[in-house]
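Asks: The lines below spell out each chain.
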Amino acid sequence: MSMNVTELDAETVELLPSREALGRLKFVKVHANVAFVHAHNESWAVNDYSPLAVAQSEAAQSVNVYQR
Amino acid sequence: MAGDLPTAAGGRRPAAPFPVPRLTTGLRLHGEYQGSGFTEPRYLARRGDGQVVQLTLLLHLVAGSIDGVRDTEAIAHRVSARYGREVSADNVDYLVEHKLRPMGITAPPGGDGHPVGAPRSDLLLALTGRRVLLRERQVVRIARSLAWLHRPWVVAVVLTAAVALDVWLFAVHGAMGPVLQVLDQPVLLLAVFGLTVASLLFHEFGHASACRYGGAQPGPIGCGLYVLWPSLYTDVTDVYRIGRAGRLRTDLGGVYFNVVFILGLAGGYALTGRPLFLAAVLVAHVEIVEQLMPVVRLDGYFILGDLAGVPDLFGRIRPTLLSLLPGRPVRPEVADLKKSARAVVTGWVLTMVPLLVGELGYVLWHLPRILAAAAHSLAAQGADALTAFSDGRFSTAAVDAIGTFTLLCPLVGGTYLAARTVARLLRRILVRPLSRWRAPAAAHRRMPTAPHASAEQLPDPVHTLRRYS
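Just so you know, the protein sequences line up as chains A and B, in that order.
Using our numbering, read the first sequence as starting at 1 and increasing by one per residue.
Using our numbering, read the second sequence as starting at 1 and increasing by one per residue.
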């Protein structure tokens, strides 16, 4: 017995896309961002007449950033 | 079946002879698609216009039996013997008329052998504005001369040398230093740009030579705009007919040649000590990583498709998503796939679709800001280029001109892509109802050629031919 229409319709033809091996020219952007930084750190501890002792003091700090 | 039929006058007239179908001019049957991810084997044919089609076994047998001499009855006998099932002359006639002819595999009767109105794959994300740079003959010559680089021992030496170079560059010498040295000098930037373009062309030679090494014929090399980026391409469509290993070699041939180029750049640095070579090495590394991403139609996409044995992953997005919806049956395009191939395709779809949709959404959400920034940058870059040119600083002007070009490409590409998408949507909205309205008339015209079928049973070729784009 030959094939019926349903069976014949199940046969398919597909279009395949052409294969194009691509090389993309992408521009790599490298940025060099430069900021001028001025940092100042000042600390003073007094440790008179007591050798081997540890003295502490608070530091005064300031950081200034300039952007052109 | 072909006996005499009675006439109205009571005499007998000879029955109409069985038709003799012909293949279209230039059609080649390539046999089975090797390394396939489909449950049933698929077969390939290439039309004279270069379009590749994939056929099921029965259609392949029918097409393979058509020689311009056999009629449909003789074809039916031959096909029945090979297919292992009775196929009648009417069956062959039906397949020729409804499957093979609309796809340009068999020629229309009385024509000159060329397919008439045969569809071509129409990709949304296709290369546009293409220009051929090297014709097929030139590409074959170049590919032949470079094919030795794909010999296994050469590949092993190249990859070992590349690993050693990377260890030295990234772990010992440092990769960013040379780049920073180049950034402030427009002439060196131009030189790096030139080396990048050369690397890209060499990448294409890698695809072409790998294609040749695997036994397929590379086509032309050209340039065009792919989505948003200027690109080079090599036509390697012929690799469909070779084995999976050959296809994968062709896919990887481009990045492999990038590696070879990197070794050449390292040699340039060793000879001259100029940091621009190392800067170009770093850029080439970025290129390789990008090429291996399985997004759009870059090398990674083809590698994944060939590993899965599915030639067109993009064509599987819609059926895969529809099959994932609860309560919906699995689409035949998905059910046709082996379990492993289906897992790869589903994983790719579930990764890529949210990624692409998210990226598109981000761009659309920020579009006004992006356009304003692009316009501002374009004006500034253009003005800088003009000023540099009028001051005689030609290298700076060239760098600025390239910068302007890089800004223009995504704008032009994005506009083109948006216009194409809108046109497609409009076509879907407007043309589909029109074709449905015309369908009954077309079905009646087909009636006499398929005597077993009622008008309802007759398929509309537009819907039965599965076209993926």
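Certain hints may be false.
Stated by the list, open to error - Here are the computed lysine to aspartate or glutamate pairs in the DMTMM-like style, where the Cα-Cα straight-line distance is at most 25 Å:
| hint | chain 1 | residue 1 | chain 2 | residue 2 |
| --- | --- | --- | --- | --- |
| 1 | B | Lys338 | A | Glu58 |
| 2 | B | Lys338 | B | Asp71 |
| 3 | A | Lys26 | B | Asp384 |
| 4 | B | Lys338 | A | Glu7 |
| 5 | B | Lys339 | B | Glu40 |
| 6 | B | Lys338 | B | Glu40 |
| 7 | A | Lys26 | B | Glu40 |
| 8 | A | Lys26 | B | Asp184 |
| 9 | A | Lys26 | B | Glu32 |
| 10 | B | Lys338 | A | Asp9 |
| 11 | A | Lys26 | B | Glu290 |
| 12 | B | Lys339 | B | Asp312 |
| 13 | B | Lys338 | B | Asp312 |
| 14 | B | Lys339 | A | Glu42 |
Claimed, not checked - A few chain B residues that face chain A, going by a derived Cβ cut-off under 7 Å, partial list only:
| hint | residue |
| --- | --- |
| 15 | Asp49 |
| 16 | Val52 |
| 17 | Leu58 |
| 18 | Met103 |
| 19 | His207 |
| 20 | Tyr233 |
Calculated directly from the structure, the hints in this document are not laboratory data.
Source: prediction; values computed, not measured.
Beta carbons are placed, not taken as given, at the ideal position from N, Cα and C, and that holds for glycine.
Asks: Hint by hint, say whether it matches the structure.
Replies: A quick look at each hint next to the structure:
1. Between Lys338 (chain B) and Glu58 (chain A) the alpha-carbon distance is near 71 Å, which puts this suggested pair outside the 25 Å criterion.
2. Simply put, Lys338 (chain B) and Asp71 (chain B) have alpha-carbon atoms about 37 Å apart, too far for the 25 Å limit, and the pair is violated.
3. Distance hint between Lys26 (chain A) and Asp384 (chain B) is fulfilled; the C-alpha atoms sit about 22 Å from each other, no more than 25 Å.
4. Between Lys338 (chain B) and Glu7 (chain A) the CA atoms are separated by roughly 21 Å; this keeps the pair inside 25 Å, and the hint holds.
5. For a cut-off of 25 Å, the pair hint linking Lys339 (chain B) to Glu40 (chain B) stands: about 13 Å separates their Cα positions.
6. The suggested pairing of Lys338 (chain B) with Glu40 (chain B) holds, with an alpha-carbon distance near 9 Å, which does not exceed 25 Å.
7. Proximity of Lys26 (chain A) to Glu40 (chain B) is assessed by CA-CA distance (about 40 Å); at most 25 Å being required, the pair is judged violated.
8. Only pairs whose Cα atoms come within 25 Å are accepted, and Lys26 (chain A) paired with Asp184 (chain B) is accepted, the gap being roughly 20 Å.
9. Between Lys26 (chain A) and Glu32 (chain B) the CA atoms are separated by roughly 37 Å; this puts the pair beyond 25 Å, and the hint is violated.
10. For the proposed pair Lys338 (chain B) and Asp9 (chain A), the alpha carbon gap of about 22 Å is at most 25 Å, so the pair holds.
11. Taking the CA atoms of Lys26 (chain A) and Glu290 (chain B), the gap is about 9 Å. The hint holds against a cut of 25 Å.
12. Distance hint between Lys339 (chain B) and Asp312 (chain B) is fulfilled; the C-alpha atoms sit about 17 Å from each other, no more than 25 Å.
13. Distance check on the hinted pair: Lys338 (chain B) and Asp312 (chain B) sit about 15 Å apart at the alpha-carbon level, within 25 Å; holds.
14. For the hint linking Lys339 (chain B) to Glu42 (chain A), the alpha-carbon distance of about 70 Å lies beyond 25 Å, and the restraint is violated.
15. The beta carbon of Asp49 (chain B) comes no nearer than 11 Å to any beta carbon in chain A, farther than 7 Å, and the hint placing it at the interface is violated.
16. With a least beta-carbon distance of about 4 Å to chain A, the hint placing Val52 (chain B) at the interface is held under the 7 Å criterion.
17. Residue-level restraint check for Leu58 (chain B) holds (minimum Cβ-Cβ distance to chain A is 5 Å; threshold 7 Å).
18. Satisfaction of the interface hint for Met103 (chain B) is found here, the shortest Cβ-Cβ separation to chain A being roughly 5 Å, below the 7 Å cut-off.
19. Restraint check, His207 (chain B) versus chain A: the minimum CB separation of about 4 Å is within 7 Å; hint holds.
20. With 7 Å as the threshold, the beta carbon of Tyr233 (chain B) comes within range of chain A, its nearest partner Cβ sitting at about 4 Å, so the hint holds.
Against the hints set out earlier in the document, violations occur for numbers 1, 2, 7, 9, 14 and 15.
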